[in-house]
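> Given next are the chains, with one letter for each unit.
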Amino acid sequence: MQDWILLLVLLAVMTAAYHLGRRRAVSGVGGPSQVHRLHSLPAYYGLYAALWAGLPALLLLALWTGLQDQLVLMLLQAQLPREMTAGLSEGRLGLLVNDIKNLASGAMVSTEVSPELQAAAAQYARLDRLGRWSMWVAVLALALGCGWIAWGRARPRFKARNQVETMVMAVMVIFSSIAILTTLGIVLSVLFESLRFFSMVSPLEFFFGTLWSPQTALRADQVGASGAFGAVPLFTGTLMVSAIAMLVAVPIGLLSAIYLSEYAPRRLRAVAKPVLEVLAGIPTVVYGFFAALTVAPFIRELGQSVGLDVASESALAAGLVMGVMIIPFVSSLSEDVINAVPQSLRDGSYALGATESETIKRVIIPAALPGIVGGVLLAVSRAIGETMIVVMAAGLAANLTANPLDSVTTVTVQIVTLLTGDQEFDSAKTLAAFALGLTLFAVTLVLNVLALHIVRKYREQYD
Amino acid sequence: MTDQTPASAPHKRTIDAVNASLKRRRAKERRFRRLGAAAVALGLLFVALLFADIVGKGHTAFQQTYIKLPVVLERAQIDPEGSGSAEVIARANYLGIIRAALRAHFPEVTARRDKRALYQMVSVGAPQLLRDRVLADPALIGTTAEVWLLADDDIDMVVKGQIDRTLPESKRRVKDQTLGWIERLESEGRITKRFNTIFFTNGTSREPELAGIAGALAGSFYTLALTLLLSFPIGVGAAIYLEEFAPKNRWTDLIEVNINNLAAVPSIVFGLLGLAVFIGIFGVPRSTPLVAALVLTLMTLPTIIISSRAALKSVPPSIREAALGVGASSLQTQFHHVLPLALPGMLTGAIIGMAQALGETAPLLMIGMIAFIVDVPAGFTDPATVLPVQIFLWADSPERAFVERTSAAIMVLLAFLILMNLAAVLLRRRFERRW
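In the order they appear, the protein sequences are chains A and B.
Residue numbering for the first sequence follows the UniProt record's numbering, starting at 1 and increasing by one per position.
Residue numbering for the second sequence follows the UniProt record's numbering, starting at 1 and increasing by one per position.
It cannot be assumed that every hint is accurate.
Straight-line C-alpha distance at most 30 Å; calculated DSS-like pairs for lysine-lysine [to be verified]:
hint	chain 1	residue 1	chain 2	residue 2
1	A	LYS361	A	LYS457
2	B	LYS175	B	LYS193
3	B	LYS171	B	LYS160
4	B	LYS248	A	LYS457
5	B	LYS115	A	LYS361
6	B	LYS28	A	LYS361
7	A	LYS361	A	LYS273
8	B	LYS68	B	LYS171
9	B	LYS115	B	LYS193
10	B	LYS28	A	LYS273
11	B	LYS160	B	LYS175
12	A	LYS361	B	LYS23
13	B	LYS23	B	LYS12
14	B	LYS115	B	LYS171
15	B	LYS115	B	LYS175
16	B	LYS115	B	LYS160
17	A	LYS159	B	LYS248
18	B	LYS313	A	LYS457
19	B	LYS160	B	LYS193
20	B	LYS115	B	LYS68
21	A	LYS273	A	LYS457
22	B	LYS175	B	LYS68
23	B	LYS313	B	LYS248
24	A	LYS273	B	LYS313
Bear in mind the hints are in silico, worked out from the structure with no lab data behind them.
All chains, full assembly: derive it from the sequences and hints.
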């Protein structure tokens, strides 16, 4: 909690810098009656001082809090007595360090407390305290120093407004590049781990192998120790669930979009449209719960009553519910493009004597088709990337099957299962999740780019 | 042109062909219209089914079964020296006291196994609740008080009718013997259902009757607050720059395409990013609202940027020209004139982004929010879980009683989401201006 106090202190310093800078500028021209002789409004002199007092110090604070713990632990490990660390593997060492940290903070410790451990904990606490105090001193010194320099510049001829605006502009440029940085971060992190994975497992096996069993053994002599990473069953499972979802979502979504935009009386439209859009706002975990506890048992019983053998975690249940989730997505995108079709096309068709449905089928849909296809592609990309429904309602077993009543697993399910247990960063099992993530990212990216391109092209056509 | 029939057959005019087909075409028209109406009806039916299912399963969780028993709170057992100090009272053996009360009420139960079944009627959390009760009211010591004891989840399920009493014993979780005790207690008026405050004040637990959503709610609150704090300024800043200042060139085109794509990237990929970058490289502590907020910020940014840009676009250029005309700098124009007018639209976008973040689960599973955490978090760096993840964890639990609790947690989550969306709609209605 100390860091929060420091943050408050920093805010106080900024406020003080604002008032001091402003006052210095005003008194520099001889009091409030003379402010018209300043280059900028007085507030800008204050802002200039406050920004200089705050921004560098905040940056330092963020960096320091991010790095201090690692630095302290490194120092601590270097200072541990030789007999404590001798012959310990990396994992053991991590446990030891954890114990030391816990002991220092007064939490439970997993091993017996030896005097050496006690000493190490004391050392850790000392280093930690030292680090915190030096952070306070450094951050405050930086804030006061920069603030003082900025305050010194607050003279009447100083172009404070231009300076402040340059700083604000720079901050906005940084903000807008965060989107690029995010993409870069995704690509680099996923790519880097995937490359490590592909150095252990050949890409050929990964993309074309048909056996998926990522369990790696704890001991080298166990049966089935190597694990198999053939992702084809995951791809087919993902495709099957998505296909079922699209079979539900596209007809219902498209037809309701057509009905709502062309036929429905205004009253019905005003009620039905927002209600349908509620489906888009429901969290996916809720759909997952609905699929696993209501739809799956229902389908199972239905199947049993007609003599079919349905798995309790069938692809059908997950796909159906996912389709329901995607309905509003398809319908609102299609409605947009249907509404974008110029009225003149409709009028032309009616003038030739076509009925409404003929106009829709022969004129509006063909005219809106590129947009609809784009929307459907976006929906497919969403279905492929959907996680919670399949985690909760589809299975874990990687079956290579074409039977929708069977249990299948998907790419996203495997990512979640591989990464939500105990992890070690260099086992093929963990890294496989990143390879799957890369595949998922690449496929959805291609779909999205394609879809957005089609939609944009289409819009330009009628604008 | 198609009319090539010779004049010798005058009855084959186009109008006849049209008239002949008219009936079929009108029927087709009606069919198509009905198909559309059916699609809408089906969509609405799904909404109704979903809500009916959740509410039907969850509404019972807001009540909890209690058993009233005369409990002998002997001074010798609780506070033998009469010191009255809280420490001594807190250390007494309340489990033994409750068990004695059960034995006293059912004196016919003597066999060891039967006794164990009897003890299991009361929640394992009951002794602690009794302790708190005695601590709050030390005057009870030395009396025999009628105390409402928290029932076990199986008893709760029987009383609420979710375990069918008519099933054969072998298919039922609760045995005939226990059922007999429940029926006796019911006939004596010693069983009641009360509003389930535990559900709102406790963190999670392995015991359904002791599990609550307070921890998850607090975690969601911290996460969302930090997400808003980070993503709103960044999103608005980026939107202003991209919409108003950025030169039209390759670089800004790239950013533009990029933002649109990020909005459609599967959320689980953001989890991978958080795991590899925030936890792996920067060492942000796992399972904390801090790391969750960082991931969710990156996830909601595209939504906020896109809606903020739309809001900026809807401010007419005349406002900008007027401000520039009286000598405002371009940034002053933006911050003093355009931004206040665009703010309602931006806030609407931010609320929708926050609603999206509140319901998000998948990326948070990757960054350790899935850990079993009983304590209610008190800060941004405490281990925590969030409401949707709590729902996911409970949905996985085998106990029957967790089904209704999961549904109830979903109801709470949906209530928050509906409130947020309502706020967005109201904001839009209240401040929307047509120029």
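> Run every hint past the structure and note whether it holds.
Going through the hints against the structure:
| no. | hint | result |
| --- | --- | --- |
| 1 | LYS361/A <-> LYS457/A | 22 Å, holds |
| 2 | LYS175/B <-> LYS193/B | 21 Å, holds |
| 3 | LYS171/B <-> LYS160/B | 18 Å, holds |
| 4 | LYS248/B <-> LYS457/A | 19 Å, holds |
| 5 | LYS115/B <-> LYS361/A | 74 Å, violated |
| 6 | LYS28/B <-> LYS361/A | 11 Å, holds |
| 7 | LYS361/A <-> LYS273/A | 22 Å, holds |
| 8 | LYS68/B <-> LYS171/B | 28 Å, holds |
| 9 | LYS115/B <-> LYS193/B | 25 Å, holds |
| 10 | LYS28/B <-> LYS273/A | 25 Å, holds |
| 11 | LYS160/B <-> LYS175/B | 16 Å, holds |
| 12 | LYS361/A <-> LYS23/B | 18 Å, holds |
| 13 | LYS23/B <-> LYS12/B | 18 Å, holds |
| 14 | LYS115/B <-> LYS171/B | 22 Å, holds |
| 15 | LYS115/B <-> LYS175/B | 13 Å, holds |
| 16 | LYS115/B <-> LYS160/B | 24 Å, holds |
| 17 | LYS159/A <-> LYS248/B | 29 Å, holds |
| 18 | LYS313/B <-> LYS457/A | 21 Å, holds |
| 19 | LYS160/B <-> LYS193/B | 9 Å, holds |
| 20 | LYS115/B <-> LYS68/B | 18 Å, holds |
| 21 | LYS273/A <-> LYS457/A | 27 Å, holds |
| 22 | LYS175/B <-> LYS68/B | 21 Å, holds |
| 23 | LYS313/B <-> LYS248/B | 16 Å, holds |
| 24 | LYS273/A <-> LYS313/B | 25 Å, holds |
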